[in-house]
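Participant: Sequence:
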Amino acid sequence: MKCKEFDNPRLYRVDSLSFDFDYSLTPYVFMIDKKGHISDFFIPRKEFPDQTKKYLERIFK
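Just so you know, we're using the working numbering here: the sequence shown kicks off at 3 and counts up by one.
Please note: incorrect hints may appear among the correct ones.
Restraint ranges, calculated between C-beta atoms of paired labels, are given here [claimed, not checked]:
id: 1; residue 1: 63; residue 2: 39; range: 11 to 21 Å
id: 2; residue 1: 25; residue 2: 63; range: 18 to 28 Å
id: 3; residue 1: 36; residue 2: 60; range: 16 to 26 Å
id: 4; residue 1: 21; residue 2: 53; range: 29 to 39 Å
id: 5; residue 1: 29; residue 2: 59; range: 17 to 27 Å
id: 6; residue 1: 19; residue 2: 54; range: 16 to 26 Å
id: 7; residue 1: 26; residue 2: 54; range: 13 to 23 Å
Derived from the structure by calculation, the hints contain no laboratory data.
Remember, predicted model here, so these are calculated numbers, not experimental data.
No residue lacks a Cβ here, since even glycine has one placed at the ideal position from N, Cα and C.
Work out the full structure, taking the sequences as your base and the hints as a guide.
Facilitator: Here is the structure:
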C-alpha cells in the first residue's frame, strides 16, 4: 500500500506523545506531514473494525 502524500510511507510506534489519550491508554493513529503537522487523527476501536479498515484504506491509497 502507498500513502497518498508520500512515495515511501513509514509507520512508527511511539510510546507516548503526552496526549490525554496516553494517560487513558487509548490507542490512536495519525499522519505527520513533512513540516511536522498532524492530520487524519483516528482512534481505532475493536468494536468497529470496519471503521479502522476504511481509515487505513483512505490513508494508504
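Participant: Determine whether the Cβ-Cβ distance between residue 19 and residue 54 falls within the hinted range of 16 to 26 Å.
Facilitator: With a Cβ separation near 20 Å, residue 19 and residue 54 satisfy 16 to 26 Å, so the hint holds.
Participant: In this structure, is the beta-carbon distance linking residue 63 and residue 39 contained in 11 to 21 Å?
Facilitator: holds, 20 Å
Participant: State, for the Cβ atoms of residue 26 and residue 54, whether the hinted interval 13 to 23 Å holds or is violated.
Facilitator: The hinted range 13 to 23 Å holds for residue 26 and residue 54, with Cβ atoms some 18 Å apart.
Participant: If you check the beta carbons of residue 36 and residue 60, does the distance land in 16 to 26 Å?
Facilitator: The hint (16 to 26 Å, Cβ to Cβ) holds, given that residue 36 and residue 60 are roughly 20 Å apart.
Participant: Quick check: does the Cβ-Cβ distance between residue 25 and residue 63 fall within 18 to 28 Å?
Facilitator: violated, 33 Å
Participant: Can you let me know if the beta-carbon spacing of residue 21 and residue 53 is within 29 to 39 Å?
Facilitator: Taking Cβ atoms as reference, residue 21 and residue 53 lie about 20 Å apart, which means the hint is violated.
Participant: Okay, residue 29 versus residue 59 on CB: inside 17 to 27 Å?
Facilitator: With a Cβ separation near 18 Å, residue 29 and residue 59 satisfy 17 to 27 Å, so the hint holds.
Checked against the numbered hints given earlier, the structure breaks hints 2, 4 and satisfies all the rest.
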